[in-house]
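Colleague: Chains as they are written, first to last, in our numbering: chain A, 871 to 1089; chain B, 79 to 331.
Just so you know, the hints here were simulated from the structure itself, not pulled from any lab data.
Don't take each hint at face value.
What the hints assert, rightly or not - With a straight-line cut-off of 25 Å between C-alpha atoms, the simulated SDA-like cross-links for lysine to any residue are:
#1 A:LYS1085 to B:HIS168
#2 A:LYS1085 to B:LYS256
#3 A:LYS1085 to A:ILE924
#4 B:LYS256 to A:ALA1067
#5 B:LYS256 to A:VAL963
#6 A:LYS1085 to A:PHE905
#7 A:LYS1085 to B:ILE225
Here is how the chains run, residue by residue.
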Amino acid sequence: MTALLLRDLRLSVRAGGGALIGVLFFMTVVAVIPFGVGPDLNLLSRIGPAIVWIGALLSALLGLDRMFQTDREDGSLDLLLMQEHPLVLTVLVKCLAHWLGNGLPLVIASPLLGLFMNMDEVAIGATMLTLLVGTPALTFIGAVGAAVAVALPRGGLLVSILVLPLAIPVLIFGVSASYAAVEDPAPFMPPFLILVAITMFFTVLGPLGAALALKNAAD
Amino acid sequence: MPESLAITKFSDLANPTRFLALAARILPFMAAITAILFAIGLYLSFTTEGDYQQGQTVRIMYVHVPAAWLSMMCYTVMAISAIGTLVWRHPLADVSHKAAAPLGAGFTLIALATGSLWGKPMWGTWWVWDARLTSVFVLFLMYLGLIALNRAMDDPSRAARVSAVLILVGFVNIPIIKFSVDWWNTLHQPASVMRMDGPTIDPEFLWPLLIMAIAFTLLFFTLHVMAMRNEIWRRRVTAQRRMAARMAGGREA
C-alpha cells in the first residue's frame, strides 16, 4: 500500500503528471477574474474567498480523469483489481496519493492567490483551512466519476459534468465557512464542522462507489 | 414453495418476451385511466375557486407540485432499478433505469419551468438561489449527466452497471431536496400536504391536487413501461442488424 502511494505520488509529480499544471490552471483562473470584474480592490476582497474556492474546484476537476485512466492504459489497473487486498482500500490509497499530488499544491498556492485578491490575513487563513479540509472531499467524489468514465476514450469533460453537481455542497459550506471567519455575526464553526462531516462522509462513500464502478467497468 | 412465488413472478419478467406481453396487456388500461384522471383533474383544476390572495395563479400548483413529486419519485425508481442491476443483475432493471432518466429530466424541467412562472407573480422574480430551487436544479443536471453517460458507452449492459453506481451515489441529493425547506430558511414554502399532522391545505385545493398527482404518477408509469418496451425493441433491432451483417460477411468470405 505504501509502495502504491509512493508510486502514484512519483508519477504525478514527474513529467507528464498533472500536478503542477493543476496549480498553474488554478492561478490562471484566479488571475482572469480581475479582468472580468474590473480591478476594484474592495470588490475583489469581498468576492475573494468565493473566487479562490471556485478556482480550486475547477482545477481539482482538471486532473481527475487521469486518476485511473493511466493505470488502465498500461495495464496496471488489472493487476490492482486482481490483488488480494480489498479494492476499496486500494482506491482509498490512490485517492490519497492523488490528493497529495494534486489537491495539496492547490491548498499551498491559495494564500498567494488570496494576496492577489486583496484578502486580509484572517480571510486567507480561513480559506486555506477550509480548502485543506474540503479538497479531499472533492478528490473522493471525483474518484467515483473517474472510475465511472475510466473506459471512455474522452471521459474528461463527462467526469466534470458528472462530478460538479455532487461537489456543490462542498463549495457551499467551504465558502460560507470562509466568509463566516471574516464577517462577524455568522459563527465560523457550524459550516466548518459540516464541511468536515461532508469530507468524512465522502471518504467512505467515494472509494466504495469507485471500487464498485471499477469492478463493473472492467471487461 | 409459496414464499418464492413473488420472486418467481419477478424473475419471470427477466424474459423480455414475457415483459412485452405483459406490457401489451396493461398499457391500454393504464393509458385510459391516465387520460380519464387527467380529464377529471384538469376540469377540477379550472373550476375550483382561485385563492383569495394568489388569484388565478394558484392553478399553476396543480401542475407544479405533482411534477416536482414525480421528479423525485422517478429518481427513487431509478435508484431501486440500479440496486436491481447491481445486486440481482436483473436485465429488466438495466432497461428500467435507462428508460426512466429522460422522463425524470422531463418532469424536473416541467417543475422548474412552472415554478419559475409561478415565482414571477408571487415572489417578483423568475429565479432565486434558495435551497429547494438549487437542489432541484442540481437534480436536473444529474439526470442530464446520467443520460450523457449512458449514451457515451456502446455496450448496454456495462453502461447500465456503471450508471447504476452513479445513480446510487447521486441518491444523496433526494433527501436534501425533500428536507431543504425544513433545514434552511427558504423562500419556497415548507411541505403542506405530506405532513405528520395531516395536510394544512384547504380541501378545495387538495382534491384537484391529489387527482392530478395520481394522474401524473400513472402518466409516469405508462410512459416508463412504453419507454422500456421501446428500449427492448431497439436492442432487438440492433442485435438482428448485427446478425445480418455477420451473415452477409460470412457469405462473402
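Colleague: Next step is simple, just say for each hint if it's right about the structure.
Modeller: Each hint, compared with the structure:
| no. | hint | result |
| --- | --- | --- |
| 1 | A:LYS1085 to B:HIS168 | holds, 17 Å |
| 2 | A:LYS1085 to B:LYS256 | violated, 32 Å |
| 3 | A:LYS1085 to A:ILE924 | violated, 32 Å |
| 4 | B:LYS256 to A:ALA1067 | holds, 20 Å |
| 5 | B:LYS256 to A:VAL963 | violated, 34 Å |
| 6 | A:LYS1085 to A:PHE905 | violated, 46 Å |
| 7 | A:LYS1085 to B:ILE225 | holds, 21 Å |
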